[in-house]
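K.L.:
For the record, the sequence lines run as chains A and B.
Under this note's numbering, the residues of the first sequence are numbered 1 to 339, in order.
Under this note's numbering, the residues of the second sequence are numbered 1 to 742, in order.
Honestly, the hints are just simulated from the structure, not real lab data.
All of these numbers come straight from a predicted model, not from anything done at the bench.
Careful: at least some of the hints might be erroneous.
Said to hold, decoys possible - Cut-off 20 Å, straight-line C-alpha distance, at most; resulting in silico cross-link-like pairs (EDC-like, lysine to aspartate or glutamate):
(1) K232/A <-> E519/B
(2) K329/A <-> D191/B
(3) K170/B <-> D324/A
(4) K522/B <-> E43/A
(5) K26/A <-> D513/B
(6) K191/A <-> D191/B
(7) K191/A <-> D149/A
(8) K232/A <-> D513/B
Said to hold, decoys possible - Partial pick of chain B residues on the chain A-facing surface, computed with a CB cut under 10 Å:
(9) S131
(10) V182
(11) S184
(12) N198
(13) R223
(14) Y318
(15) N326
(16) G411
(17) L479
(18) K508
(19) G511
(20) E699
(21) S702
(22) Q703
Here a beta-carbon is modelled for each residue, glycine too, at the ideal position from N, C-alpha and C.
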Amino acid sequence: MRKVFGLLLALLLASLGAASAAPAGKVTVLCSPNPAWCDAVREEFPKATGITVDFVRLSSGEALARLRAEAQNPSFDVWFGGTGDPHIVANETGLTEFYKPKAWDDLRPEFREAVAGKYIPLYAGILGWALNERLLKEKGLPVPRTWRDLADPRYRGLIAYPNPNTSGTGYTMLATMVQIYGEREAFELLKRIHRNVAEYTRSGAAPGQLAGRGEVAIGITFIHDAVDQVLKGFPITYNAAADGTGYEIGGLSLVKATRNRANAIAFIDWALTPDAQKLAAERGQSYQIPSNTKTPIPRVAPRFQDFKVIKYDFLKYGSQAVRDGLVKKWTTEVFPLPK
Amino acid sequence: MARVLVLPALRRPVNGTLVAWGALTFLGALLLPWAREGRELFVYLPETTGAALLARTPLLAVSMGLALAAAVIGLLPWPDAVRGRAAVAVGAAGAMLSTGYLLTAARPFSAGALVSILGFLAVLGVGMALSGLLRTDAFIAASILWVALFVLVFILFPLWSVLKAAVYVKGHLTLAVVAQTVRSPNFLLIDNPATPRNELAVALAAGLAAAVLAAAVLGRVGRWWRRLLLAGGSGLGVFALAALYLGFGAVRNSILLAVVVGVIATALGFLLALLGERSQLWTRRLLGPFSILPIITPPFVLGLAMIYLFGRRGFITYQVLGISTNIFFGPLGVAVAQILAFTPIAYLVLQGVVQAMDVALEEAAETLGASRWHVLRTVIWPLARPGVANAFLLVAIESLADFGNPIIIGGGVPYLATEVFFAIIGRYNPNEAAVYGVVLLMMTLTIFLLQRYWIGRRSYVTITGRPSASRPRPLPRPLDYAVTGAFVLWVALIVALYGSVFVGSMTKLWGFDYTFTLEHFKILLPGGTGWRVFWTSTWLSAVAALPATVLGFLIGYLVTRMDFPGRGALEFGSMLSFAVPGTVMGIGYILAFNQGALLLTGTGMIIVLAFIFRNMPVAIRSGVAAIHQIDRSLEEASTMLRATSPTTLRRIVVPLTWSALLSGLVFAFVRGMTAISQIIFLITPRYSLATAQILSYVEYGSQGRGAVLASVLTLFMIVVIMALYAITRRLGARMAREVAAT
Chain A
1 MRKVFGLLLA LLLASLGAAS AAPAGKVTVL CSPNPAWCDA VREEFPKATG ITVDFVRLSS
61 GEALARLRAE AQNPSFDVWF GGTGDPHIVA NETGLTEFYK PKAWDDLRPE FREAVAGKYI
121 PLYAGILGWA LNERLLKEKG LPVPRTWRDL ADPRYRGLIA YPNPNTSGTG YTMLATMVQI
181 YGEREAFELL KRIHRNVAEY TRSGAAPGQL AGRGEVAIGI TFIHDAVDQV LKGFPITYNA
241 AADGTGYEIG GLSLVKATRN RANAIAFIDW ALTPDAQKLA AERGQSYQIP SNTKTPIPRV
301 APRFQDFKVI KYDFLKYGSQ AVRDGLVKKW TTEVFPLPK
Chain B
1 MARVLVLPAL RRPVNGTLVA WGALTFLGAL LLPWAREGRE LFVYLPETTG AALLARTPLL
61 AVSMGLALAA AVIGLLPWPD AVRGRAAVAV GAAGAMLSTG YLLTAARPFS AGALVSILGF
121 LAVLGVGMAL SGLLRTDAFI AASILWVALF VLVFILFPLW SVLKAAVYVK GHLTLAVVAQ
181 TVRSPNFLLI DNPATPRNEL AVALAAGLAA AVLAAAVLGR VGRWWRRLLL AGGSGLGVFA
241 LAALYLGFGA VRNSILLAVV VGVIATALGF LLALLGERSQ LWTRRLLGPF SILPIITPPF
301 VLGLAMIYLF GRRGFITYQV LGISTNIFFG PLGVAVAQIL AFTPIAYLVL QGVVQAMDVA
361 LEEAAETLGA SRWHVLRTVI WPLARPGVAN AFLLVAIESL ADFGNPIIIG GGVPYLATEV
421 FFAIIGRYNP NEAAVYGVVL LMMTLTIFLL QRYWIGRRSY VTITGRPSAS RPRPLPRPLD
481 YAVTGAFVLW VALIVALYGS VFVGSMTKLW GFDYTFTLEH FKILLPGGTG WRVFWTSTWL
541 SAVAALPATV LGFLIGYLVT RMDFPGRGAL EFGSMLSFAV PGTVMGIGYI LAFNQGALLL
601 TGTGMIIVLA FIFRNMPVAI RSGVAAIHQI DRSLEEASTM LRATSPTTLR RIVVPLTWSA
661 LLSGLVFAFV RGMTAISQII FLITPRYSLA TAQILSYVEY GSQGRGAVLA SVLTLFMIVV
721 IMALYAITRR LGARMAREVA AT
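Could you put the whole structure together from the sequences, leaning on the hints where they help?
P.N.:
Right, dumping it as structure tokens:
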């Protein structure tokens, strides 16, 4: 028996020892895009630089919350991807800082101007709908064309929409509607859409998947996520509201209080190279428009000229006061309403 | 509670134990680092050793002096009483000074601090035993102090942090966040301004009607105040239920869910218990394996399977029945998943109750001419009532605390357990999360106390010690068939649900393209995400299982066999984590261990600690049960022969409870592997666990990969449990022989 205990003790100590062994050159990344892209980055970055990557996949709202929680003692070095608004909030509240990358001059100028040096543009994606037309046909319903159409009671239980508390996609829709209709009318519309919502999801990509599986007919999501569903073989189509839709400029930010600055900067510079950005479409199941002009735009990526894209005011709707105010208003005035 | 016999120790010129602990404490404090940098647990910072800090920090210098003094006291040829009192003074002062230094320095603690504080507590314990302050020996006294420290730091302190965060915001004591949260419609909304009717008025009317009706029915029966109480009570009850039913918000959803799930799961559990004990059909043999299955898998796996079978493109709803509905996305789906997952808990509680019923009572009733139905109604049911209440309350706690099912198939409707999560993960508002947590905690704690101190005392024990010769009475035939029919349906549903997860792991796109594929299994290749999280889960749970079991058994031994001040408090404190929902403990750990001397967030250690203190109560329970089986005279004999208590534990108690220890170990491991609600707050890039990964796969739409991980986890747990049964049967026999031979 003593032997058994001795053995167990030795095992215990050995495993504690193994737990403490950490690689020397590493960078810890908050990763907000599709997990497949995060995985590809984790595999490729070490090959290019010899630095290993650890990442947590969190939706951008959650990623911001995590950075706030760990403000005193951050465990992350870089925030990779995710919608731009929370990147702006993080910058304005001193959680992240702007670093001018080596590839700055190669980045698309319209992206650079839109975010005005609050963060580094990584990609752009257009907000839209993943539509399960087969389910709509079964129900004898027309394909919706505008945001107002979504409020039609006939779509009851057929819409999925990401919760703006956790998802940047959800907030982009909220801010888009406010910019198109004005705050009062937008919220009236959201209250009516709420009655039709079957599920509020945590992440922005999930509504597209629900539409793909036929759980809902209309999933509000970024179009590039819907493209991914189409390529995977789900029977869906995608579109955007004909009365205007918003877009995101996905961000890349350096965490301000990181103790690992050199590796973090190496990661950022690498992430903006065409080779790294190509990973998104090739292995990451992500079909946004890459920010580096030298990166080829994926053939299937949704383009701006095909949709009616509004002039989204990133600085206003990315500021903390506006963002927190809108999310709070939605959480207390729309979310708890009966369906 | 009788005491273990303690003989006065012989007077020895040197007390070796005291010298050893004094020296160890001194050397540890001098040579080991007191602080570390950030989240790396095992780093050696030479500038923070006691030797380096000595000159600058008088507090530390004094405490190291005290450690030396402890060793010297051990060497001095004083009588035990004097030596003991001196050791008590030195130990207590040293422990306080070390802790004081650690907290004022506010740098993350390291090995030096740990060795020093535990060392001083050991000195204190030795002193208490020597001086006779505690009528026990040094080992037990030191164990009590250590265990008390662990319970204080890792159970009570996190809970205190949650309570504090609810009312202490940015340095001010305020009820603002409480008021704001409680007034938020997410919390509880009875009269919804968005609906045309006034829900509050409707509920009031219903309550009033119920009161009037009750008064009318009662007429003039009984005393007037009893009538008033009954009518008023039923009115209030109906009002509360109606208000909840018509209302909105997390409180409403959670309570309603707990009540519904509690009632149905308890009823099913009672039927299954009757079936297991009294059925004459062979199907009852299936009860064992099928009741354990939902316990050894993460509860939300059933939620995942519900989507597969009953979603809008579910296999049964769409493929077989051709219905297009997402009715199971929401409270109904959560309720069904929870009923399936928690019925086994009710069954296990009620099984004992049904087993313990004295058949003689039933026979007496039958001899007096009662029919079997009559016996069931007037004998079995009244005897089972306290057990039924017990089962209901336990299931209600589980339902309130459940996090996985509401988040997977809750349809985005708020529940208390998920609001805690969203408040901190989505909005990063720890104060709001704490308020939700406190409300949830108050509910589960109330139920826990009810269950422990009211129901627990009212159980009717009909075992008298005299063996009852008759076999259990079989169920009446029609009832037997009816119950068996329900059970077979239940089994079929469980098989279908688990089966769909297994099949789903090998299906291209469930609900759309049922082509066979092994593509999802790629995540299990070495280096893949699935492989990594599975490995992390396995070894973190394994590392935590041993301390959880040892600590649990030690506490079980202390509270059953020893008598010391604070024994009740220790037992209550350590059993508390049964009643504390995982999400509440989760934010407790984040709030308590995110800064200062106790910084642990972001390490693997905090996950291990969470596992240890979450799974320890299971080991305590099985430990207490096993120790009660041992005749106390064995230990007394050992003590009479001058064996110290470690020797008694090692040579008598452990060998006799070996199989309980082993199964405690395995269950601690299984619970670690299947835990979700607490660790969801604690996972980091390096320490991501399988359950959390399944959740994230399901949420991000990779159902197939989630199904692969869930299937592998389930199969692995089944193998582990079967191995346990195989080993305990053989080991039990061998250990018994060994003990008999010595």
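K.L.:
Which of the stated hints cannot be reconciled with the structure, identified by number in ascending sequence?
P.N.:
Checked against the structure, the hints that fail are numbers 5, 9, 10, 12, 13, 17, while the rest are satisfied.
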